[in-house]
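Student: From just these sequences and the hints, can you work out the full model?
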Amino acid sequence: MARMYARKKGKSGSVRPLRTEAPKWVNYTPEEVRDLIVSFASEGKSTAEIGTILRDQYGIPLTKLVCGKSITTILREEGIAPATPEDLRNLMVKAIRLRKHINTNKKDLHNKRVLQLTESKIRRLASYYKRTNVLPEDWKYTPATAELMLTR
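So the sequence shown is numbered by this note's numbering: it starts at 161 and just counts up by one.
Worth double-checking, as some hints may not be accurate.
No farther apart than 25 Å at their CA atoms in a straight line, the calculated lysine-lysine pairs in the DSS-like style are these [stated by the list, open to error]: (1) Lys254 x Lys266; (2) Lys260 x Lys300; (3) Lys281 x Lys168; (4) Lys254 x Lys205; (5) Lys267 x Lys290; (6) Lys281 x Lys171; (7) Lys169 x Lys184.
Quick caveat, the hints were computed from the structure, so don't treat them as lab data.
Tutor: Okay, structure coming up:
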């Protein structure tokens with residue numbers, strides 16, 4: 161299938177090896193991994209940062225193999241999950257950054273197009289999250305509310 165915003169077909173991504181249990185070299189119990197995740201989240205780390213730290217510093221390749229749950233699920237159970245999903249939040253941060261750039265550089269047509277594409281990705285992702293009941297049905301993206309939401 162072709163890419164949405166490019167005239168190329170693209171390459172397929174890599175696939176993680178099929179594994180049903182934690183590797184033998186992982187020396188952590190599910191309770192220890194859960195405590196690590198909660199402590200990193202209380203420090204203000206995002207789920208992607210937590211996963212990277214667990215992989216690089218603790219040798220835990222995938223929390224789902226050790227705990228049976230993803231990082232986001234664990235954070236939801238503890239009640240410290242973020243209100244908006246991380247991928248949607250990152251796209252909104254990018255859109256805000258692009259808006260500030262365009263306000264100072266009015267003739268930058270390339271970045272105007274990038275802003276259009278980014279905001280369409282935000283709307284598409286938001287409709288997915290509304291469908292899956294992650295976001296409320298009345299949630300709507302506007303640049304002003306996104307900036308207010310992210311500065312809190």
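Student: With reference to the structure, classify each hint as holding or not holding.
Tutor: Here's how the hints hold up against the structure:
1. Distance check on the hinted pair: Lys254 and Lys266 sit about 18 Å apart at the alpha-carbon level, within 25 Å; holds.
2. For the given pair, Lys260 sits about 21 Å from Lys300 by alpha-carbon distance, which is consistent with the 25 Å threshold.
3. Taken as a hint, the Lys281 and Lys168 pair is honoured in the structure, with Cα atoms around 19 Å apart against an allowance of 25 Å.
4. The straight-line distance between the Cα atoms of Lys254 and Lys205 is roughly 18 Å, inside the 25 Å bound, and the hint therefore holds.
5. For the hint pairing Lys267 with Lys290, the CA-to-CA distance comes to about 35 Å; that exceeds 25 Å, so the pair is violated.
6. Of the supplied pair hints, the one linking Lys281 and Lys171 holds, its CA atoms being roughly 20 Å apart against a limit of 25 Å.
7. Taking the CA atoms of Lys169 and Lys184, the gap is near 39 Å; set against the 25 Å cutoff, the hint is violated.
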